[in-house]
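Residue numbers (the working numbering), protein chains in the order written: chain A, 1 to 113; chain B, 1 to 116.
Because the hints were derived from the structure by calculation, they are not lab data. Just so it is clear, CB atoms sit at the ideal spot from N, CA and C, and this is done for glycine as well. Check the hints yourself; a few may be wrong.
Result set (DSBU-like, lysine-lysine): computed pairs, CA atoms no more than 35 Å apart in a straight line [what the hints assert, rightly or not]:
1. B:K40 / A:K56
2. A:K56 / B:K18
3. B:K18 / B:K53
4. A:K56 / B:K36
5. B:K18 / A:K68
6. B:K19 / A:K105
7. A:K42 / A:K56
Looking from chain B toward chain A, a few residues come up when the C-beta cut is under 8 Å (computed) [unchecked claim]:
8. H10
9. L45
10. K53
11. N57
12. P61
13. S62
14. F64
15. E67
16. L90
17. G108
18. G110
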Amino acid sequence: GESVGLHLPTLSVQEGDNSIINCAYSNSASDYFIWYKQESGKGPQFIIDIRSNMDKRQGQRVTVLLNKTVKHLSLQIAATQPGDSAVYFCAEAPYSGNTPLVFGKGTRLSVIA
Amino acid sequence: DTEVTQTPKHLVMGMTNKKSLKCEQHMGHRAMYWYKQKAKKPPELMFVYSYEKLSINESVPSRFSPECPNSSLLNLHLHALQPEDSALYLCASSQEGGRGVGQPQHFGDGTRLSIL
C-alpha cells in the first residue's frame, strides 16, 4: 500500500507485480517532465522523460503517463524486481530548456521478494 | 556506471577548513549543475554553468564558490562551512538549452559531505 506522512511516501509491492508511482504538479505552464530513480548511496538516475505534447511514453518495462487536465504524472513499472527498490523523483520544467528542473518530494518503492 | 564522475565520494571537514569538490563529464555537455541534497529530500539547485559561464546562482551563500575551468570540469570550493551544510552534493550535466538549462540532466553519484 501507500502511506503519506512526515516521512517519505512509501509504496510496497510484491515482486513480479506492476508498480504505479504518482506525482502531482502545480504549474500548468510546465511542459517537460522527467522521472529519476535514486538508489541508496547513488545519484539520481534518468529513467524516462515526456513532453507536454504527448500523454504516454514507453521505455523498457516503464511507462510514463501525463494527464495535463488534472496535472498528474505517473510512472508504471512492469514486473517489478528487487532491483527496482529505490526512491523515485518526478521533476518538471516550466519552460522548455529555459528554467531549471523542479523536483517533487519523492516516493520510496520497496519490493517484497 | 554514471557518466558524470564526482570526487571525493566522502569528505569530512572542520568549519575552518578549505576543500574542493570536483566533477567531470566527457559527454560533450555544455551545461553543468551543482545540487545539494539533504536526507529524504529532493535535490535543490545551487548553480548552473553554461559554456563555462555562471548563468544561475540560486542565492547560495558565498562560502560555496563554484568554478568551471573548462567544458568538462566543474569545481565547488568550500570555505568556513557550517554543520547545516552537511549533505550530499550532486553534480549534473546536460546539453545546453536556454539560460544554460538543458534536459535531461545526468547526475553523478555525489560527494557525501560532513561538517564537524
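Inset, instruction - Of all the hints given earlier, name the ones this structure violates by number, lowest first. - result: 2, 5, 8, 10, 11, 12, 13, 14, 15
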